[in-house]
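Colleague: Dock chains B, C and D against the given chain A, drawing on the hints supplied.
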Amino acid sequence: MADKKRLPKSEGLIIRPMLRSGTQFVRSFIKGKPNTILYPYHILDLPPTYRGKHTLDFKRCIGCGNCVQICPNDCMWMEKLEDPELGKIERPGVDMGRCLFCGFCVEVCPTAALHHTVEFELADYQREDLRYGPRELRDDTYADGIVEERQKRRLPVLDMSKCTSCEKCTGECPETCIVMMPIEKVGRSRPEIDLAKCTGCEKCAIVCPEKALEMKDVYELYFEMPEPKFLLSNCTGCGACSRACPADAIYMMEMPGTEKVLKDGKKGKPKKRAVFILEKCVGCGKCFRACKFAAIEMPGVKK
Amino acid sequence: MWINMGPQHPMTHGLWNLRVKVDGETIVDAQPEVGYLHRGIEKICEGRTYTQIIPITDRLCYGSSLTWSHLYCLTAEDLMGVEVPERAEYIRVAAIEMQRIASHLMWLAAYATDLGLMLGFLHAMRDREVFIDLLQALSGSRLTYNYPRIGGVAHDIPPNFERDSLRACAYIENRLREYEDLYEGSRVFMMRNVGVGLLKKEDAINLGVTGPPLRACGVNYDLRKEMPYSVYPEIDFQPAVHPAGDCYARYRVRMDEMYESCKIIRQAIQKMPKGKWRVVAPRNAPVGTGMGRVEDPRGEGMMYIVGDGTDKPYRMKVRSPIFVTVSAAPRMLIGYKVADVVAIMGGLDMCIGETDR
Amino acid sequence: MNLFDFCYGIIHWLVDLINNIWYWLGDFLPWWFGDFFTAVGDFAASHGHIAVMAILLEVIIIIAIALINVLNFIWLDRKFMGRMFDFYGPYYVGYKIGGWLQNLADGIKLFVKEIITPAKADKVGFLLGPVIYVGSSFLALATIPLGRQFYVGTNTDLASTGVGASALIAFAFFAIAPFSILIAGWSSNNKYTLIGGMRSAAQMMSYEIPMLLTVASVFLLAGSFGFMDIVAAQHDIWFGIPLFIGLVTFIVCLAAEVEIQPFDLPEAEAELVEGWTTEYCGMRFGLFMMTGYLRGYIGGALATALFLGGWHGPAFLPDPIWFLIKAYTVFVLIEWARWSLPRVRVDQILDIGWKRLLPLAILNLMIAVAVKSMGWF
Amino acid sequence: MTWELFVFLFLAASGLISALLVVRAREIVHSVIALATCFIAVACMFVMLSAEFVAIVQILVYVGAVVVVILFGIMLTRRGIMESEKR
Chain A
1 MADKKRLPKS EGLIIRPMLR SGTQFVRSFI KGKPNTILYP YHILDLPPTY RGKHTLDFKR
61 CIGCGNCVQI CPNDCMWMEK LEDPELGKIE RPGVDMGRCL FCGFCVEVCP TAALHHTVEF
121 ELADYQREDL RYGPRELRDD TYADGIVEER QKRRLPVLDM SKCTSCEKCT GECPETCIVM
181 MPIEKVGRSR PEIDLAKCTG CEKCAIVCPE KALEMKDVYE LYFEMPEPKF LLSNCTGCGA
241 CSRACPADAI YMMEMPGTEK VLKDGKKGKP KKRAVFILEK CVGCGKCFRA CKFAAIEMPG
301 VKK
Chain B
1 MWINMGPQHP MTHGLWNLRV KVDGETIVDA QPEVGYLHRG IEKICEGRTY TQIIPITDRL
61 CYGSSLTWSH LYCLTAEDLM GVEVPERAEY IRVAAIEMQR IASHLMWLAA YATDLGLMLG
121 FLHAMRDREV FIDLLQALSG SRLTYNYPRI GGVAHDIPPN FERDSLRACA YIENRLREYE
181 DLYEGSRVFM MRNVGVGLLK KEDAINLGVT GPPLRACGVN YDLRKEMPYS VYPEIDFQPA
241 VHPAGDCYAR YRVRMDEMYE SCKIIRQAIQ KMPKGKWRVV APRNAPVGTG MGRVEDPRGE
301 GMMYIVGDGT DKPYRMKVRS PIFVTVSAAP RMLIGYKVAD VVAIMGGLDM CIGETDR
Chain C
1 MNLFDFCYGI IHWLVDLINN IWYWLGDFLP WWFGDFFTAV GDFAASHGHI AVMAILLEVI
61 IIIAIALINV LNFIWLDRKF MGRMFDFYGP YYVGYKIGGW LQNLADGIKL FVKEIITPAK
121 ADKVGFLLGP VIYVGSSFLA LATIPLGRQF YVGTNTDLAS TGVGASALIA FAFFAIAPFS
181 ILIAGWSSNN KYTLIGGMRS AAQMMSYEIP MLLTVASVFL LAGSFGFMDI VAAQHDIWFG
241 IPLFIGLVTF IVCLAAEVEI QPFDLPEAEA ELVEGWTTEY CGMRFGLFMM TGYLRGYIGG
301 ALATALFLGG WHGPAFLPDP IWFLIKAYTV FVLIEWARWS LPRVRVDQIL DIGWKRLLPL
361 AILNLMIAVA VKSMGWF
Chain D
1 MTWELFVFLF LAASGLISAL LVVRAREIVH SVIALATCFI AVACMFVMLS AEFVAIVQIL
61 VYVGAVVVVI LFGIMLTRRG IMESEKR
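Protein sequences appear in the order of chains A, B, C and D.
1 is the number of the first residue of the first sequence in our numbering; add one for each residue after it.
1 is the number of the first residue of the second sequence in our numbering; add one for each residue after it.
1 is the number of the first residue of the third sequence in our numbering; add one for each residue after it.
1 is the number of the first residue of the fourth sequence in our numbering; add one for each residue after it.
No lab work stands behind these hints: they were computed from the structure.
These numbers were taken from a predicted model, which means no experiment stands behind them.
Treat the hints with care, since some could be wrong.
Facing chain C, according to a computed beta carbon distance under 10 Å, are these residues of chain A, among others [as the list claims (entries may be wrong)]:
| id | residue |
| --- | --- |
| 1 | Ser21 |
| 2 | Phe29 |
| 3 | Lys31 |
| 4 | Leu86 |
Taking lysine-lysine and the DSBU-like style, the derived pairs with C-alpha atoms no more than 35 Å apart in a straight line are [to be verified]:
| id | chain 1 | residue 1 | chain 2 | residue 2 |
| --- | --- | --- | --- | --- |
| 5 | A | Lys31 | C | Lys109 |
| 6 | B | Lys317 | A | Lys152 |
| 7 | A | Lys229 | B | Lys317 |
| 8 | A | Lys33 | B | Lys43 |
| 9 | A | Lys185 | A | Lys263 |
| 10 | B | Lys43 | A | Lys53 |
Every residue, glycine too, gets a C-beta built ideally from N, C-alpha and C.
With the rest of the complex left out, here is chain A:
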C-alpha cells in the first residue's frame, strides 16, 4: 500500500483554483470574445508557409517529374496533355486522398512551378474527386505572386546547339569558373561552369557571340539529385534521351570520322553521340528511362 505521506500545504483548500477559474470567467467577458474561432463563419488566419492544396504554374513547369520521383506516398503522376499554347506537354497531378502534405514536391521543383496554397478545405464526396489532375491544379499567376523561400540566382545557362567553342567566355570570367572541357570523340570542347563559384556577373553572356550563354533565373536546389552516367560504348546515337530531357541538357552531336562509306563512294551521315550538360541536369531520370541500349546509368532511379 502507498506510504502515508503528509500532504504538502496547499493553502486555501479549494479557494485558489476557484479564484483562478472565476478570474478566467471575468476575463472572458472583459476580453469580450472567447478564444474560439467560429470556424465556418470566421476564416482561419493561416501563415503563407501553410501547406494546403497545390497549384501548378504550367509555364514554369518543365515536366521533369522530380515531384513524382520524390513523393513519399506515390500520390503524384505525370499526365500527357495537349495545350493550345504549349503544345504537347507532361504535367503532374496530385491525389489529395493520399497526399501527406510534406512539401517535398514543392521543394524539389527546379523551376518553382509547384506551390502549396493555404486552401485546406478539400473534403469531397467521392474518392475519385480527390484526384486533382494538372488542369485542376493549374494557376499560372500564383507562383509569380509569392515570395520564394529558396534563393534565386541569375546564372549563365549554356545552349550547346549554338556554341561554337570559341573560348571567349573562359577569358572573360573574372572568377575563372568557366573551363573548356573537351568532349570525347566529338573533337570540340564546351564551357563547363562551376556554379558554386559563379557570381552571376553576366560578362560571359555579354561576350558570347552566338548568344549560347544566356542568363536565366535558377532556383537553388537543396536535394542532391542522381546524375546520369553516360556509357559511350553502348550509345547508338538514336537521340531518345535528348528528346526526353525536360531541362534541355542533352544535345546530340555528330562524331567526325565515323561516317560510313556508301557504295557510291559518298560519305553517309556521321554517328551521333549524346552530350550531357550536367549543370542543367535536374536529375529526373527521364533519359535513363528513355534509353533502350543501357547507355545511361542512374543509380537509385527506378526504370
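Modeller: Relative to the frame of chain A, chains B, C and D by itself:
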C-alpha cells in the same frame, strides 16, 4: 476480477490495453499490452530514400513530431557526415523546445481530464495553440511539421518570428503560474497525486525508465546535459529534478521543464547567427552506421541507421521511451486503487504512436 | 389564494362547463338514461373527485416549472462552463436567446436515437433503473414549496402549513436514487457499471448521514418537519447565518448526493468509462442526464428552503422568483466548484464524508442545540 | 366504491404480489427490487392511515437499507451459482 482498460478507454490516450486485476478496488496485478497501433514504421523506412523518411518519422509521435524528425535528421547526419549550419542548429533548438512545451501542455491537458478537471484541459489546449501557431508559421503545418532536413531545416524563420516567440514565452510563463494555482493550489489535486504511483530510484534505473519519470525519481539524467547534441552545450539551463518519485513529482518535473524550455527558447533566439540554414545533403549514404539520441519530451529517444551505400537505409531502429517506460507501469500500479490508474498512467504521458511504431 | 385553490377553481369551472353540456345531452334521451347521466355528472362534480383532479393539475404545473428550470440549468451550466473554459458554449441553436434552444435540440436528438438493451443485460432491472431514478427525483420535487401560496397542497384548510412533514418526504425520496443506480449498474452486466453502482451506493450512504444531521439542526431550530414552517421561521434571520457550518456541510453533501464533479465517482468518465450509465443510450440516457440536472435543481431548492430563507426577500419581486434566484445561485456555486476541481478518489471521498463532514455536522447540531436552548429562536 | 378503497386495494395487491416475488424470484437482485416495492407499498398505506411520519421513516430507513442488502447480495453470491440452479 480482471478489468480491461482499453483498447477503447478514456484513460489510454491511444490504442493500448491495460489489464488490471482488482481486489475490490485495489490493484493486485497489471499487464500493459501494446501493439494495437503497430504500423511497421521501421520496415516502411527501409523502402524509402533518406529524404522520404523525414515525413514518416513525423508520424511516430503525434504529441511531439518535430523531436522525432529532428532525431532522424541527427542520425542521418551522423551517418552521412553532414555539417549543419549553425543558424539551422539554433532554429532547430528553438523549434524543439517549442515542441516540448506544446507536448507538455498536451500532457497537462490530458492529465487534467484524467483527474476530472475539464478546466485544465481546455486551458492547456488553448495555450498549446500559441506554440502550434508558431510552429505552423515556421514549418507550414500544425501537427506533422516535416521541418528538419538532413543538413539543416526546410525554411528560414518567418518574419516576426523572434518577436512572436519571445512574446509566447512571456505569455506561457504567466499561464504556468496560473496552472500552478489551479493544480497545486487545489487540495483535491494534491490528494490525488502526492504519494501515488511511487517508483523507487533503483527500480527506475533498472527498468530503463527515462525522461521526466526518471528525473522525478531524483536521478539527474538529462541527455541535453549528459550527451549534449546540437547547440545545447552553449545554452544555459538546468534539468528539472524532483526527488519524490510520485505522480506529483512527475507533474512538477514537467512544469519545471516548461519554464526551462522558455529559457532555452529565449537564449536560442538571441544567440541565433545569420547565415545559411541548410546545406545540400548527399543522396546516398556511405556504408556504415549512424546513431542519434535526443531528450524527447517523454524520455530518451534513440535511432540507429545502417547504411549500405545506396539511397535507402539497410536497417533502421527506433528506441521509443514510452515502450520502455510502460514496462515499469505494473511496479507503480500495484497496491493502488483503480482510480489511481488514470493518475499514474496519465503521469507517464503515454504516446502510442511511438510505442508501437 | 394558494395553488390548490387555483387548481380547484379551474377544475371546478371545467367540470361545470362539461356537465352543462352533459346534462343538456341527457335531456334528449329517455328518462332512465337521463338519470344515469345525472348520476355520472354529479359524481364528477363531487368535492373529492375535483380535489383529486386539482392535485393532478398541481403536479403538472410543478413538473412543468421544474422541467423549464432544468432546461435553464443545463443552459446556464453550459454557458457558465463555456465562459470559464474560454469558449462560447451553446451559440447557434436559438442564437437570439443565447443558444437556449440547444438543450431542446439535444433532447430531440436523444429522442430519435435507438434505445439498445445489451443482450446479456437483465431486462427488468435495466428498465427499472431509469424509472425509479426519474420517479423518485420527481417525487422529491413535489413537496418543495416555491412560495407562500405556491406548493402542492391537498386541502384548502392546510393553507398555512402544507403537508405536515414535507421536508422529510423530500429527503426520503431524494435518498432512493442510489437504489436505482445500483440496480441500473448491476443489470447492465458490465464491470464498469457495476463498479459505478457500488461506488454510488457507498458514496450516497456515507453522505446521507452528515446531510440529515445538518438538516436535523434546521428541524430543531424551526421546530417542525414542514417546509412551510421552516421557511416561516426564517422570517427574521436565515438559518444559514447561525448555522453557517451546516450550510457549507449541506452544500458539500449535496454535491455528493447529486453526483457532480468533485464527487462524481459513480460516473467518473476517465476511469470507469461513463460509470453506471455506460450501457444506456438514447432517451434513457437522456432521462438520466436530465434527472441529474433535476436533482441539481432539487438540491438548490432544498438548500434555499432550509438555509437561505426560502422565498423571503424584498417585496418587489414575487415569492417564487426570489426562491428561484436563490436556488440558481446555489447551483452556480456548485457548478463553479465543479469546473475548477479535479475528481476525488473513492477512498478519499469516504474519508471526507466520515472524517470531515460528520464531525462538522455534529458540531453544527451542537451549535443548533445551543442556539435553541439560549432561546434565540 | 370510493377513491380510498380503490387505492387501498391497489396498494394491498402490489404489496402482496411483491412480497410473493421476494420469495419466488430467481435473481437475488429481483427479489430485492420486489422487497423495496413491498416497503414502498406499505409506506403508502401508512400515509393512507394518516401516519405520515411512520411512512417517511419507513422509506428512509428501509428503502435505504435495501441498498445495503443489494450490496451484500451481489458481494456474497455469485451469478453463476444461481444460473446453474435454474437449469
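Colleague: All the hints need checking, so say for each whether the structure fits it.
Modeller: Quick rundown of the hints versus the structure:
1. Ser21: Since chain C brings a Cβ to about 4 Å from A/Ser21, closer than 10 Å, the hint holds.
2. Phe29: Cβ of A/Phe29 sits 7 Å from chain C, so the hint holds.
3. Lys31: With a closest approach of 9 Å, the A/Lys31 hint holds.
4. Leu86: Nearest chain C Cβ about 49 Å off; hint violated.
5. A/Lys31 x C/Lys109: 34 Å, holds
6. B/Lys317 x A/Lys152: 38 Å, violated
7. A/Lys229 x B/Lys317: 33 Å, holds
8. A/Lys33 x B/Lys43: Distance of about 49 Å is beyond 35 Å: violated.
9. A/Lys185 x A/Lys263: With a Cα-Cα distance of about 25 Å, the restraint between A/Lys185 and A/Lys263 holds, given a limit of 35 Å.
10. B/Lys43 x A/Lys53: Measuring from Cα to Cα gives roughly 29 Å; hence the hint holds.
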